[in-house]
Amino acid sequence: MIYKFFTIFLALFGFSLYCQSFDSPIEQSTIQKSIVKPKKLHEIGELPKNSKILSIFSGKTFEEISAFYKNLPTSNKSFAIDKLIYDLLISKFSFEEQQLSNDEDKQIFEIRVNKLFEMGKFQDIDSFYDQMPVDIENEALNFKRIEAYLLRNEFKNACELQQSLIVKKSYEWGKLEIICNIVDQDFEKARFSLSLLKEFSIPGNNLFIDLAYKIIGDIEISDEKIYSEKLRELKTLTPVLLSSLQIAEVSPSYENIKDSPINQLIFILSSPSSSTEIKLYCAERLVRLKRIEPQILAEVYQLSIFSSEEVQNVFELYKTFSPVRSRALLYQATIIEKDPYTKFKLIQLLLNQSKRENLFRPMATLLANSLDYHDLELSNEDEKSLILDILLSNSQYLKAQSYIDSNKELSLLKFKEIILDLLIQIDDNPKEGDKEVKSITKTILPTNFPKKIVENYLIIESIMKKNGQLERLIPFTELKPYKLEGDMDLVDFLLVVNEKSYEKDFELLKVLLKIIHEKDFQELSNLEVFSLLKIIEYFSNFETFREISKDLLFSQI
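Per my numbering, the sequence shown starts with residue 1, numbered consecutively.
Possibly wrong hints are sitting among the right ones.
Distance condition first, Cα-Cα at most 16 Å in a straight line; then the derived EDC-like pairs of lysine to aspartate or glutamate [what the hints assert, rightly or not]:
1. K258 / E357
2. K115 / D259
3. K355 / E337
4. K519 / D551
5. K230 / E220
6. K83 / E46
7. K414 / E383
8. K60 / D105
9. K408 / E383
10. K77 / E383
11. K355 / E523
12. K258 / E233
13. K70 / E518
14. K230 / E255
15. K510 / D105
16. K438 / D421
Think of the hints as simulated: they come from the structure by calculation, not from any bench.
Bear in mind that the values here come from a model prediction, so they are computed numbers and not experimental data.
Could you build all of it, start to finish, from the sequences and the hints given here?
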């Protein structure tokens with residue numbers, strides 16, 4: 001078993017590095033601490049990109065600051081929100097002298113490290129270590145560095161760091177030592193440590209012990225028995241357990257990973273021991289956050305094994321599979337289909353499924369060149385509307401306008417010209433080839449346009465204009481009243497709020513966290529959408545605002 005592990009390790013090493021490439025290339029050598037002057041731990045990090053948040057903690061108590069960091073979500077459903085949270089975690093902030101004690105400073109620093117670790121930002125944890133004062137060692141930081149090495153499949157670096165540290169012994173450190181003993185093939189020492197570990201009834205210990213003995217070769221135990229008797233009980237897995245499962249060639253189950261942080265999804269996706277369906281789940285979550293490219297998702301879809309009969313009978317069978325396997329089957333059938341109209345039917349099914357999982361934009365990107373959509377002779381308005389959505393998702397605005405012009409008789413496509421206009425404004429009149437794409441001035445929003453799209457349009461347009469003047473967009477006599485919570489009209493709300501200025505930045509960020517807590521964009525009320533975008537626009541660069549605006553628009557198509 002142990003020799004097979006080393007063969008597997010070499011094979012997956014390159015792919016693991018690629019999956020980490022969304023931050024920056026991973027350094028394989030042990031990081032050497034820079035010589036720096038002693039400083040407070042809150043001074044570690046980068047200067048905020050937006051000066052407005054530099055002093056948000058001014059005058060705040062330790063309890064308020066600590067609660068703020070603890071409430072930062074790390075398993076986000078939107079790339080833009082994920083980016084904002086990341087920027088907050090890596091930023092160093094201004095504090096008054098004596099605002100925090102050394103112990104309080106340490107606690108807040110460790111919360112930041114844990115959050116970055118959950119997000120899979122291992123390079124930033126390395127950077128934090130490199131900025132540490134030379135006379136300070138932080139055990140929590142070092143432990144996360146070791147776990148980060150494990151999740152990058154750098155077992156040698158993890159073990160070397162573990163052996164170089166003088167720390168208080170704990171159960172997790174003991175498990176790390178056992179992993180390192182196995183990697184070093186010091187099986188007698190591993191057996192001795194396992195015998196000691198057996199004496200403690202700690203959740204997850206029995207699974208770890210069985211996996212370790214299986215790797216060493218002392219016991220024979222089937223994957224089914226491991227799952228039914230040990231693995232099924234666990235809702236979360238530690239990096240040590242994940243590493244043990246990989247070495248023992250056992251895949252985690254969906255129940256183990258459905259609530260896992262992003263760092264574990266990256267590891268599981270690159271692990272050769274993970275089942276294909278588990279890889280599919282991880283890849284779909286990661287592509288939503290732009291942690292992997294859509295092309296990686298396509299490669300994972302093709303890992304699923306289907307018989308030629310299943311692919312040929314895709315229209316009858318796709319509903320009989322789990323949602324992720326169904327999408328894999330539809331994708332495989334799509335790429336081999338020759339008939340353009342049958343291929344489009346498959347694309348239609350795949351994209352309609354993707355809408356329900358907030359995967360429409362990455363899937364549309366993946367399928368952008370599968371067909372010459374403009375040449376398809378279709379009579380169904382919904383089918384033509386889907387083609388327009390594909391073009392809009394890929395920012396092919398000139399093609400989208402041409403497609404609308406060639407189908408002027410269809411009211412649904414003509415309505416979506418409003419969305420095209422706003423997307424062009426969001427992208428600031430982009431270029432396609434040598435041509436500049438310019439927005440089309442609209443004077444009226446159709447009264448029978450879908451209500452939620454109109455509301456999102458008004459909100460985004462209002463914030464982009466900054467002055468709240470909506471007369472160019474909406475003749476008030478043509479607009480149906482769009483009511484918010486209570487009796488307040490949406491337009492009145494926008495006109496009033498856009499005159500306000502923000503003074504309580506800390507409270508604004510707290511409002512943002514409340515809005516995005518465990519909610520998809522489709523679930524947000526008008527007030528929440530407006531407040532979210534206004535806060536994002538205030539604290540972030542325009543790129544973040546642009547991305548979240550597009551997410552909101554495409555969540556309704």
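Hint-by-hint comparison with the structure:
Restraint check for K258 and E357: the C-alpha separation of about 14 Å stays at or below 16 Å, so the hint holds. For the suggested pair K115 and D259, the alpha carbons sit about 15 Å apart, so the restraint of at most 16 Å is met. Restraint check for K355 and E337: not satisfied, since their Cα atoms lie roughly 22 Å apart, outside the 16 Å limit. Distance check on the hinted pair: K519 and D551 sit about 13 Å apart at the alpha-carbon level, within 16 Å; holds.
With a C-alpha separation of about 15 Å, the suggested pairing of K230 with E220 holds against the 16 Å cut-off. The straight-line distance between the Cα atoms of K83 and E46 is roughly 14 Å, inside the 16 Å bound, and the hint therefore holds. A threshold of 16 Å between alpha carbons decides the hint, and for K414 with E383 the separation of about 14 Å falls inside it, so the pair holds. For the hint pairing K60 with D105, the CA-to-CA distance comes to about 13 Å; that is within 16 Å, so the pair holds.
Between K408 and E383, the direct Cα distance comes to roughly 15 Å. Compliance with the 16 Å bound is thereby established for this hinted pair. Note on K77 and E383: the hinted pairing is violated, with a Cα-Cα distance of about 28 Å set against a maximum of 16 Å. At roughly 14 Å between alpha-carbon atoms, K355 and E523 fall within 16 Å of each other, so this suggested pair holds. Annotation: proposed proximity of K258 to E233 holds, straight-line Cα distance about 14 Å (limit 16 Å).
Pair hint K70 plus E518 holds up; C-alpha atoms about 15 Å apart against a cutoff of 16 Å. Proposed proximity of K230 and E255 is supported: the alpha carbons are some 12 Å apart, at most 16 Å. A threshold of 16 Å between alpha carbons decides the hint, and for K510 with D105 the separation of about 21 Å lies outside it, so the pair is violated. The hinted pair formed by K438 and D421 meets the criterion: a straight-line CA distance of about 8 Å does not exceed 16 Å.
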